[in-house]
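Undergrad: Residue-level listing of the chains:
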Amino acid sequence: MKALHKGAPLLALMTAVMIASPGLAQDTGRITKEPLELTIHFHFRDKYVYSEKWPVERKAAEITNIHVRNVASLATTSSRDAFNLLIASGDLPDIVGGDATGGLKEDFIRYGLEGAFIPLGDLIEKHAPHLKAFFDSHPEIRNAISGPDGKFYFIPYVPDGKFSRGWFIRQDWLDKLGLKRPETPEEIHEVLKAFRDKDPNGNGVKDEVPYFAREEVDAVRLINLWDARVSGSERYGDFAVYDGKLRHPWAEENYKTGISHVAQWYKEGLIDKEIFTRGARSREYLLGNNLGGMTHDWFASTSTYNDALSPKIKGFALKPMLPPKTASGDRFEDARRLRVQPVGWAISATNEHPVETIKYFDFWFSEQGRILSNFGVEGLTYEMVDGKPQFKKEVLESKDPVNAQLWAIGAQVPRGFWMTYEYERQWTNKIALEGIDMYEKCNCLKDEFMGVSLNAEEKAVFDRYWPSILTYMTEMQQTWVLGAQDINTGWGAYKKRLTDLGYDKVIETMQAAYDRQYKVAQ
Amino acid sequence: MKHNLRESLHDFWEDLRRDWQLYLLLAPTVIWFALFLYKPMYGLLIAFKDFSIFRGIEGSAWVGFANFAELFQNDMFVRAFWNTITISGLGLIFAFPVPIILALMFNEVQSAAARRWAQTVVYLPHFISVVIVAGIVINFLSPSTGVVNLLLKGLGFEPVYFLTQPEWFRPVFIGSSIWKEAGFESIVYLAAIAGVSPTLYESARVDGASRWQMMWRITLPCILPTIIIMLIIRIGNLVEVGFEYIILLYRPSTYETADVVSTFIYRTGLQGTQYDLATAAGLFNAVIAFVLVYSANRISRKVSSTSLW
Numbered sequence: 001m002k003a004l005h006k007g008a009p010l011l012a013l014m015t016a017v018m019i020a021s022p023g024l025a026q027d028t029g030r031i032t033k034e035p036l037e038l039t040i041h042f043h044f045r046d047k048y049v050y051s052e053k054w055p056v057e058r059k060a061a062e063i064t065n066i067h068v069r070n071v072a073s074l075a076t077t078s079s080r081d082a083f084n085l086l087i088a089s090g091d092l093p094d095i096v097g098g099d100a101t102g103g104l105k106e107d108f109i110r111y112g113l114e115g116a117f118i119p120l121g122d123l124i125e126k127h128a129p130h131l132k133a134f135f136d137s138h139p140e141i142r143n144a145i146s147g148p149d150g151k152f153y154f155i156p157y158v159p160d161g162k163f164s165r166g167w168f169i170r171q172d173w174l175d176k177l178g179l180k181r182p183e184t185p186e187e188i189h190e191v192l193k194a195f196r197d198k199d200p201n202g203n204g205v206k207d208e209v210p211y212f213a214r215e216e217v218d219a220v221r222l223i224n225l226w227d228a229r230v231s232g233s234e235r236y237g238d239f240a241v242y243d244g245k246l247r248h249p250w251a252e253e254n255y256k257t258g259i260s261h262v263a264q265w266y267k268e269g270l271i272d273k274e275i276f277t278r279g280a281r282s283r284e285y286l287l288g289n290n291l292g293g294m295t296h297d298w299f300a301s302t303s304t305y306n307d308a309l310s311p312k313i314k315g316f317a318l319k320p321m322l323p324p325k326t327a328s329g330d331r332f333e334d335a336r337r338l339r340v341q342p343v344g345w346a347i348s349a350t351n352e353h354p355v356e357t358i359k360y361f362d363f364w365f366s367e368q369g370r371i372l373s374n375f376g377v378e379g380l381t382y383e384m385v386d387g388k389p390q391f392k393k394e395v396l397e398s399k400d401p402v403n404a405q406l407w408a409i410g411a412q413v414p415r416g417f418w419m420t421y422e423y424e425r426q427w428t429n430k431i432a433l434e435g436i437d438m439y440e441k442c443n444c445l446k447d448e449f450m451g452v453s454l455n456a457e458e459k460a461v462f463d464r465y466w467p468s469i470l471t472y473m474t475e476m477q478q479t480w481v482l483g484a485q486d487i488n489t490g491w492g493a494y495k496k497r498l499t500d501l502g503y504d505k506v507i508e509t510m511q512a513a514y515d516r517q518y519k520v521a522q
Numbered sequence: 523m524k525h526n527l528r529e530s531l532h533d534f535w536e537d538l539r540r541d542w543q544l545y546l547l548l549a550p551t552v553i554w555f556a557l558f559l560y561k562p563m564y565g566l567l568i569a570f571k572d573f574s575i576f577r578g579i580e581g582s583a584w585v586g587f588a589n590f591a592e593l594f595q596n597d598m599f600v601r602a603f604w605n606t607i608t609i610s611g612l613g614l615i616f617a618f619p620v621p622i623i624l625a626l627m628f629n630e631v632q633s634a635a636a637r638r639w640a641q642t643v644v645y646l647p648h649f650i651s652v653v654i655v656a657g658i659v660i661n662f663l664s665p666s667t668g669v670v671n672l673l674l675k676g677l678g679f680e681p682v683y684f685l686t687q688p689e690w691f692r693p694v695f696i697g698s699s700i701w702k703e704a705g706f707e708s709i710v711y712l713a714a715i716a717g718v719s720p721t722l723y724e725s726a727r728v729d730g731a732s733r734w735q736m737m738w739r740i741t742l743p744c745i746l747p748t749i750i751i752m753l754i755i756r757i758g759n760l761v762e763v764g765f766e767y768i769i770l771l772y773r774p775s776t777y778e779t780a781d782v783v784s785t786f787i788y789r790t791g792l793q794g795t796q797y798d799l800a801t802a803a804g805l806f807n808a809v810i811a812f813v814l815v816y817s818a819n820r821i822s823r824k825v826s827s828t829s830l831w
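Chains as they are written, first to last, in the working numbering: chain G, 1 to 522; chain B, 523 to 831.
Hint data in this document are derived by calculation from the structure and do not stem from the laboratory.
In this text, a Cβ means the ideal position worked out from N, Cα and C, and glycines have one as well.
Treat each hint with caution, since some may be false.
Unchecked claim - Quick list of the computed label-pair ranges, beta carbon to beta carbon:
| no. | chain 1 | residue 1 | chain 2 | residue 2 | range |
| --- | --- | --- | --- | --- | --- |
| 1 | G | K193 | B | L614 | 47 to 55 angstroms |
| 2 | G | G483 | B | G678 | 56 to 64 angstroms |
| 3 | B | E689 | G | A456 | 40 to 48 angstroms |
| 4 | B | I821 | G | G492 | 22 to 30 angstroms |
| 5 | G | A460 | B | N661 | 31 to 39 angstroms |
| 6 | G | E397 | B | S651 | 55 to 63 angstroms |
| 7 | B | G657 | G | G483 | 19 to 27 angstroms |
| 8 | G | E252 | B | G586 | 36 to 44 angstroms |
| 9 | B | I821 | G | E252 | 49 to 57 angstroms |
| 10 | B | G657 | G | L85 | 29 to 37 angstroms |
| 11 | G | G483 | B | Y816 | 45 to 53 angstroms |
To be verified - Once the Cα atoms are required to be at most 20 angstroms apart in a straight line, the calculated DMTMM-like pairs of lysine to aspartate or glutamate come out as:
| no. | chain 1 | residue 1 | chain 2 | residue 2 |
| --- | --- | --- | --- | --- |
| 12 | B | K675 | G | D437 |
| 13 | G | K273 | B | E689 |
| 14 | G | K505 | B | D597 |
| 15 | G | K495 | B | E778 |
| 16 | G | K496 | B | D597 |
| 17 | G | K505 | B | E689 |
| 18 | G | K495 | B | E689 |
| 19 | G | K267 | B | E680 |
| 20 | G | K319 | G | D437 |
| 21 | G | K267 | G | E356 |
| 22 | G | K162 | G | E422 |
| 23 | G | K273 | B | E592 |
| 24 | G | K505 | G | E252 |
| 25 | G | K319 | G | D307 |
| 26 | G | K496 | B | E689 |
| 27 | G | K273 | G | E183 |
| 28 | G | K459 | B | E592 |
| 29 | G | K180 | G | E190 |
| 30 | G | K206 | B | E680 |
| 31 | G | K312 | G | E422 |
| 32 | B | K675 | G | E268 |
| 33 | G | K459 | B | E689 |
| 34 | G | K273 | G | D437 |
As the list claims (entries may be wrong) - Under 7 angstroms between C-beta atoms, here's a sample of chain B residues computed to sit facing chain G:
| no. | residue |
| --- | --- |
| 35 | N596 |
| 36 | P665 |
| 37 | T686 |
| 38 | R739 |
| 39 | Y777 |
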């Protein structure tokens, strides 16, 4: 490490970087004359910590002259515990970052308000041109990460790309049964019944599982067909925005219609009998054994089953399809990739170099910082082709997933950075890309609820009422789908119980916070 | 007074020197208690505070009984509390006698080899992690491929989706807990049975007592103190149901019967990082447990003259 600090090798690398990014000749990225060491607590995905050995960190240190040193312990297998222990110790390093179960956004804001982290607005204004440009062009992200005081305390990991999940159907089964792609709730019903009865897998046993899903959020996804929404965001059971008004999708009238149909289909055996217990491996099991017919899941990973299973199952074709038209003739996709992740990094109040630190954060939003954080190190993981980074062949063809290879060298880790979809596109399966393209043209994505920051009083109201309400709603959802109670008879009592549990108070509180956060700074 | 203190200190020192090996053996437990049970008691303060981990226990503001008020106004907590009592109560009725019966049965097995084999078979599940036990239970009860449902189908019944039906949760939970723990818990009673003086049996045999009579009149009364101590301990744990196993088995659709205080604490307290509320719930639990143990002990001392203290 030390040798790199001085003289020739550094200079040579600097020159290489300058050549690599034309137009940025004066933007060398150098922040300090003398090497500066900053400490960081950065524990993520429950098992990784920031490492000075990462090629990406070494490269960043060469460019910026800022060396980041990790203080997080690898001995902890929970990023949440690591973060909480750090805060409880009160002895914060210069930078705190990473991720944790449930995200760190609320923690950054809460402890920022209590004085653990400094607000970044002024620093960015004065010292961080790239971050300033980014937030100026993305005011909704600035709003989404702001605290109830209107300030923001961390730089988030900003994902790119709009689409996360979509509908998939066994095209070869449709062809075999002579059916066309279903377009309406009725047609979906017919297709699922055909999957159930007409033995599309041809083994002579009625063992097909027409609709299945891997995650809770997709288990009741079929309610979309009756215009009901599963969630307002990627988070299961989140609030949603209806024309500027915040409500919960599970308290809407169309939810009642949706669930009553889904319950009926469940009873008819069109939905996996074990949908709530089969869990994360259901996709692998049901597709691998040629049983599952239709699902709603991630584009990229679901498409790869086509390659994996075609040698084993003749003609296997699991194709993405557009969201079907709803009962009211609308067409929408409920699931959207988060626009901002509730993770990233923040500057501690005890940091003696806030200016250098914000400049360092700014570096990751510059051209070369973005390439470095998205694609890794030139020559190691990517080459420049026509002025654009292109992953090397051995990276794309390795048996390890590309993202895992990048994590290992310190790229695509949850620091405050701006992802570029190009990174993912380069290793996304062709079928998935076709699907995403189709959804892009459809332009039928529902807008996402990006969360609100509650002040102390609002939080007291939320904490008092909301956990019970959410528990109750989840419980009733499954009760209805499994047929233990008929939603049409139980709906009145359900709505009344929600009111008794404080639903209106929570909505009122959330709405106030939402208005404060998103309406003012338009 | 001062003299007394010095004297007793002196006595203690003498004891220590004489029996230092015994005290050494005791030390790890004492240290464990001090470090992991007494020291954290200081943290119970946060049940009465608006706790922030950054401000620390000292720095957080006092809120009196606000956290407790919030708990008791919460329907879900009240339901979880009654569920805890119900699950433990049913466990007491159904699961408590099983190890005793097992121990008595082992005692009656004549062939030593057969007894060792049977004991090993019933101990084994104790050493399987709850995660695996939950996996086994889920697979056994699966509506499409589970052994239990295949059997039901074979007998002409409709398959039952056990794990999503509230009325089945308690039988499944208690039944599988018995399978897992009964064998291991029987060890205590076996040890007690081994301690019964053989002369009692010999004289009974001379008087022509049957094996049934010997079990009923000698073995059971002799191990009764052990049974009562175990019962008191069990009653003390009445308000505690381990959350790991419940979390692995419950679903939102079975919350109605499955949600217990510890899972409530886990969900709202830890996942929602409301440590103060979680501590209040835990403290409330502990107070109830204390009252239960105290009363059980008193009753037992009055009725059977066996007691913990």
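Undergrad: Please go over all the hints and tell whether each is borne out by the structure.
TA: Hint check results:
no., hint, verdict
1, K193/G to L614/B: 47 to 55 angstroms, "49 angstroms, holds"
2, G483/G to G678/B: 56 to 64 angstroms, "21 angstroms, violated"
3, E689/B to A456/G: 40 to 48 angstroms, "42 angstroms, holds"
4, I821/B to G492/G: 22 to 30 angstroms, "48 angstroms, violated"
5, A460/G to N661/B: 31 to 39 angstroms, "44 angstroms, violated"
6, E397/G to S651/B: 55 to 63 angstroms, "39 angstroms, violated"
7, G657/B to G483/G: 19 to 27 angstroms, "26 angstroms, holds"
8, E252/G to G586/B: 36 to 44 angstroms, "39 angstroms, holds"
9, I821/B to E252/G: 49 to 57 angstroms, "55 angstroms, holds"
10, G657/B to L85/G: 29 to 37 angstroms, "31 angstroms, holds"
11, G483/G to Y816/B: 45 to 53 angstroms, "46 angstroms, holds"
12, K675/B to D437/G, "47 angstroms, violated"
13, K273/G to E689/B, "18 angstroms, holds"
14, K505/G to D597/B, "16 angstroms, holds"
15, K495/G to E778/B, "18 angstroms, holds"
16, K496/G to D597/B, "14 angstroms, holds"
17, K505/G to E689/B, "33 angstroms, violated"
18, K495/G to E689/B, "24 angstroms, violated"
19, K267/G to E680/B, "13 angstroms, holds"
20, K319/G to D437/G, "13 angstroms, holds"
21, K267/G to E356/G, "62 angstroms, violated"
22, K162/G to E422/G, "12 angstroms, holds"
23, K273/G to E592/B, "38 angstroms, violated"
24, K505/G to E252/G, "16 angstroms, holds"
25, K319/G to D307/G, "12 angstroms, holds"
26, K496/G to E689/B, "25 angstroms, violated"
27, K273/G to E183/G, "24 angstroms, violated"
28, K459/G to E592/B, "14 angstroms, holds"
29, K180/G to E190/G, "11 angstroms, holds"
30, K206/G to E680/B, "17 angstroms, holds"
31, K312/G to E422/G, "32 angstroms, violated"
32, K675/B to E268/G, "18 angstroms, holds"
33, K459/G to E689/B, "36 angstroms, violated"
34, K273/G to D437/G, "33 angstroms, violated"
35, N596, "6 angstroms, holds"
36, P665, "5 angstroms, holds"
37, T686, "5 angstroms, holds"
38, R739, "50 angstroms, violated"
39, Y777, "5 angstroms, holds"
When the structure is compared with the earlier hints, violations turn up for hints 2, 4, 5, 6, 12, 17, 18, 21, 23, 26, 27, 31, 33, 34 and 38 and for no others.
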